[in-house]
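Colleague: Spelled out, the chains give:
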Amino acid sequence: MSATGTSRLAALRGSNNEGVLALILVVLVIAMTIVNSDFLSAGTLFAILRSSIVPTVLALGVLIVIISGGIDVSFPAIAIFSAYTTVVLMRGSGIDAGVVLVLVVSLVIGALLGLVNGGLIARFKLPTLIVTLGTQGIFKGILIAYVGSRYIAELPLGMRMFSTQSLLTVPAGGENTSLHVLVVPAIVLCLLVNFLLRNTMFGRGVYAIGNDTEAARRVGFSVMRIQVILYVVAGVLAAFGGVLHVTLTRSANPQDLLGTELDTIAAVVLGGASIFGGRGSVLGTMLGVLLIQVINNSLILMGIPSAWQRTAVGLLLVIGVGVQAISARRSSRRVFAHREVVAPA
Amino acid sequence: MLVLTLLAFAIFTAVKPRVFLNPLNLQNIAIAAPEIGLLALAIMLTMLTGGIDLSIVAIANLTAITISSLYTAIGATDAGLAESLAPVIVLVGLAVGAVGGYVNGLLVSRVGITPILATLGTMQIFNGIAITWTGGKTLYGAPAMLTTFGRTVIAGIPALFLVLVAAAIVLAVVINKTALGATIRLQGANPVAARFSGIRTDRTLTSTYVMSGLLAGLAGILFVSRNPTASADYGSSYVLLVIVIAVLGGTNPNGGFGTVLGVILATLTLQIVSSGFNIIRLSSYDYAIAQGAILIIIMVIDQVTSGRRRRTVPKISDALATPTES
Amino acid sequence: MSSEEASGSSGTGDAVPILEARNIVKTYGGVTALHGVTLRLTAGHVHALAGENGCGKSTLIKIISGAERPDSGEIVINGVSHAHMTPKGAIQQGIQVIYQDFSLFPGLTVAENIVLTSAVAEKRTLYSRRQSRPAAQQIVDDLGLSLDLDQEVERLSVADKQLTAICRALINDARVIIMDEPTTALTHSEVQRLFALVSTLRARGVALVFVSHKLEEALQVAQDVTILRNGELIISGPATDFDRRSISHYMTGRDVDESRLVNPPRYDRDPVLSVQDLTLPGAFENISFDLHAGEILGLTGLLGSGRSEIAEALFGVLRAESGRTIVDGKATTIHGIRDAIDAGIGYVPEDRLTQGLFLDKSIADNVIASSLERHRRRGLLDARTIAATITEQFQRLRIKAPNVEAPVRSLSGGNAQRVVLAKWLANGPKILMLNGPTVGVDVGSKEEILTILRAQAAAGMGIIVISDDVPELVSVCNRVLVVQQGRISATYSGDDITPEAIQEGMAA
Amino acid sequence: TTGGGGSAGSAKPGDVKPEDMTMVTVVKLTGVGWFDRMEEGVKNFADRTSIDARQVGADDASPEKQIQIIQDLLPQNPTAITVVPNSPESLENVLGKARDQGIVVVSHEAAGMKNVDADIEAFDNASYGRLIGENLAECMGGKGTYAAFVGGLTAKTHMDWVGAALDYMKEKAPGITRVSDPIESKEDEGVAYDRAKEILAKYPDIKGFQGSAGTDVAGIARAVQEAGKQDSICVMGTSIPSVAKKYLEDGSIDKAFLWDPALAGEAQLSAAKIIAEGGSIKEGTDLGVKGYESLNPIEGTTNAFSGEATLIVDKDNVNDFNF
Ligand SMILES: Nc1ncnc2c1ncn2[C@@H]1O[C@H](COP(=O)(O)OP(=O)(O)OP(=O)(O)O)[C@@H](O)[C@H]1O
Ligand SMILES: Nc1ncnc2c1ncn2[C@@H]1O[C@H](COP(=O)(O)OP(=O)(O)OP(=O)(O)O)[C@@H](O)[C@H]1O
Ligand SMILES: [Mg+2]
Ligand SMILES: [Mg+2]
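Protein chains in written order, with my numbering: chain E, 1 to 345; chain X, 1 to 326; chain F, 1 to 508; chain L, 1 to 323.
In short, the hints are calculated from the structure, not lab data.
Hints are supplied without guarantee of correctness; some may be wrong.
Across the chosen pairs, the derived CB separations fall in these ranges [what the hints assert, rightly or not]:
1. X:135 <-> E:27: 42 to 52 Å
2. L:301 <-> X:153: 24 to 34 Å
3. E:262 <-> X:169: 24 to 34 Å
4. X:111 <-> F:374: 54 to 64 Å
5. E:119 <-> L:114: 44 to 54 Å
Dumping the calculated DSS-like pairs for lysine-lysine here, alpha-carbon to alpha-carbon at most 27 Å [said to hold, decoys possible]:
6. L:246 <-> L:315
7. L:97 <-> L:143
8. L:186 <-> X:137
9. L:246 <-> X:137
10. L:186 <-> L:229
11. X:137 <-> L:143
12. X:137 <-> L:229
Since the model is a prediction, treat every value here as computed from it, not as a measurement.
Every residue, glycine too, gets a C-beta built ideally from N, C-alpha and C.
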């Protein structure tokens, strides 16, 4: 095959197999539409998009951490901690806070919690998995033991007002189905993080650290600073996700989100990020989340009996990543043009 | 790590000697530890190759369910027969564990799926199978052989604990004294070099996950031995816990380094700490806080002390790669 | 050209140094890497830093670049004294380093790797692939290279990785450029282009440090020479005062004999390896040759000629599409590395760090990595024979390390290579293929390694040396095959094996 | 074996004064509204009787943690342990040990357990489920399709409730059919919402929903409301007033069913007290707690009794509750 041909192929596939993932997604959707024609409807589409909002935002934070060569399991705790605490504070202070105040408060809390992670990891060079496993317990404990454990149904204005806003509404069948307005901030955040990772030196630094921390130091990146900042950013994103979650569910429940960490990490890795660090893209992550949401939100439509649904989710996940893994292997086959190419690990 | 275990022990002994040193309490620790310890060993083994196995708890439950339902099925027709077939039934259960592990092994080695994804998928598959199989109900009934074994105490030490000890010893031998063990560690240290050194990567990975499946199966047997029930959702809280234990025990999640002893000690430490806190009437959330704090403090101490030994830290998580396994 | 420039320069004496490292002491745990070494760099001069493997060259460089901190000593830049440097500080002072281990980012593209350092130094906040590309393109063109700027570094050959590292250092208008063995993987012509660029840099008044175990290269570019031995400064002076012999004498403290010395193979017996019409389209075509017991066969050619692929096909890394491989008279199909090893073939790969070594593992673990099967007794590993093997190899290859438990990461380049060699000798193969066996290895060790190869050959092993180090080929090979465009274009044997002959065979 | 649990071991029944008694209530998990409420009842009981009674529980509803907690209680040798099991069967062993040791054991939400001195239910799950079914059928006007949600396919009580409701429909409201097996909400309001949306998409003319976990109906109600069908669809099921309030008010939840965990907790403890003092629990026993004044044995069991403590919440009385 010709060099240009392969490079065009590679371009299609994307640096992290985004292409393949997109293809899998399309195939899946087609298959599901064949099984049940109702599947391909504005209603389902909107529902899936809506249910992807929070996972996507959370995944963005995870993505940054994973690219830097770390693993964060504390983000659900940070998310719900920030959002719930904000709600409690607002109720306590009696002011019916608007969007700005709500966001400021919760994002600051998220940033602080992220700072705890980043500080420990950067200062003591600790394994990220362990640190975040630790802080996760601490945050969760403090939240429920000292902030509160009640299910709160009355939200501050800043959250209330968006809970039921919709972006656009289309008539489908009898009634109207509408797309929730909060997809907008989700998409904006995706663009922002994408910019942060691709077009800022900080972003390059994150990739550099993930590739080879020592080499990053040698080219002059201040590894510590970047690490601290990136965990703060991750904390802020988590907090944002938490606020979106509370807004969407129209209630603040301190037990929510906890326990979803592995699924989110899976979505990010599915999106082409390497758990060993140095690789990953926002686009891939979005596709990864979308794929998992499509799977989760279509089983009833597919008429799969409840008892079999977990199995189905697992199977689809394995098949999805399997196809991807195989195609990734293919792409790493060597091409000879009388120039040596070392096959990657 | 040993220091730590003793420390934890000492503290609680000091705080509430009557209750804590109560043989009953010590036995409790020794009864709860084994199933967790086995699962932690399984995770540690897969981490040695730079992977992870999230499906172990699901596998353990499948084993438990297999044993319980086989027993009750045969028992329905002929109770005596069921009892006499107990050993066979247990072996079948163990086999289920091995098969589960084999599936993981194939996905990771042949198909080449990232372990965390492969096993997250199979975790749901196995768990789903369990739910379909049991219809979500908790099965009741297990061979008397197992239940009596579960209650047996030899020289003040619960038989269950001896199982863990035995398993640990066997695993330690496999890891440190066999070619397979060596290849597992090398595989984790540098997969490419492993390939170029003639190590059969596929075979190594497959056997690793089969072994982890077997350990999980053994844990499943302990489940039913502790109480003659089997359900799809038992032990779900163990997944994160055993990861904590493995890493706390000095296993490097990036592969290559980890020790059986470290994991066992870490298991005991956490058990001692948890029952200790329970005794001093700490709420489960205060406990969550304490556990997290302890975890981090230990790592910091370990880092500060070992920091002098190891200068350069290529990857952040290598910080705890202390080559003590050989 | 170099010679006349060398004479033109007046040594280190009068000119003011723009950077001076004074009385540097550095210890790693037990190992003393440097005690009291001083290095003075003069604007417009290339300073050759020579010494055996593990004598402290890279350590000195890492200290100047801030990658490591000295235990004592100072670094004086334009009269300003620093107790130690930081990577960022050094870069801002205009110090650029080509690290021996490249220190590249495998997941990023060539272009990104090249421009990243300068971007950091300029304290940029934003980064744009598009804008950074031309700069990278520029330097690549200056060096007349054919690097694919959009390729991920992970996918590159060692040579291209090295070229990328070089480009990265040269792109910044640095005042001091330190090259730690920059030419290990480069072809003759690439080296010459590098040197051309070096002299333009000198004209700009840049001070350069050049570390290489290819002594004639060092003498060709350098005006000043400093020689270390076991972390001690032995001598420092103008290049004109040195020649190849004297340098290797100062390095090793003895006379190194590099003359051609070969003993006759067992041509009487059947070949241990017979390759017939081996073909992998795009990589190599119709490769046929015999290798006899006791024979050392040279396989050379320009980089990318296909010489490495041939070896990798024989070792099962690649799968040849057609052709026969006959080992010890038995037709053998080699579909995987394991097949090759079972057939008694060993391979010391080109990319030592990723393919050859377990860097974080101990020397001991590395040495037995390939011979675990042979060390089993009743299913278990036999600790005693293992210990025996390890100590035997450790001593035979004279690996310089505190003990066998030292992590390979802590070894110097040459010693690391000995570990890879030890790994294979421990498995006692019939056929041993070595790709660039003495790349980055000092003259002394080189001689020792070649001696080991001769001894193995004498003991009946068939050896294939893939290399473009002509003197090396001349000194050990019974026969030399030249590969061009994936075909064997010439064969030399006996007295036809002369540097000149091989040079033009490769160039032709 | 009813009553007389304290026969074996240290705590001789009868002769212990309340001041010297310690009782521990082990719940599924702490830090959720439901069990916070139950803790209020436990405190009430402690104040009322001057018995040292406290509530403990894990940070998630997992059987293994509950076993662990009870294991760790044994050495402290309390007078009584009352427990709300996550998985009754898996507690049999450890509770057996407790009783051998002379500890009185009373359970809740676990009718049919063997190794307990008594099991106290707010009601028997069958009739509670049928009650929900009856109300749902009436609301749906006796015809149409409905879907049932459970916190988890492994949550026994939930499965009982939806099962009983379905039986009711089969017998009394043949015009009503259930669209699929019980749907799993994973105890998560968000999941309940997503599943409800799917159901609405697949069965546009669905007429009713039954929820089981505390937050199911809230999630369902949100989906229904967004589809603008709160008037045409009946949403009913187990929930907590504080959770259901806002949706009851706008009619997207029609009725919520529950029992007051505070009273349930108190009832368990007073049953334990009676047994510890040598008495026994039998038909008609008065636990001195509202809704538990006259216990009825639950058929098919020897030691399980139910009160009549079912509460039905709708938009009119929702504000009478403070939990
Ligand atoms: N990180 C480290 N930890 C421990 N010892 C080290 C470390 N780095 C280098 N050393 C030791 O310091 C000595 C000097 O190493 P250095 O890499 O400077 O040698 P070198 O002159 O560059 O050799 P070569 O020519 O093979 O590159 C060696 O003995 C090496 O083992
Ligand atoms: N408002 C309510 N009215 C009646 N029963 C309820 C109510 N809320 C929860 N329950 C039931 O009470 C028990 C405890 O509920 P809760 O959700 O707080 O704990 P849980 O661990 O989630 O238990 P479950 O998973 O069974 O709900 C569960 O059986 C639950 O179904
Ligand atoms: Mg060096
Ligand atoms: Mg609940």
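Colleague: Any hints from earlier that this structure breaks? Give me their numbers in increasing order, please.
Modeller: Those not satisfied are hints 1, 4, 7, 9, 11, 12.
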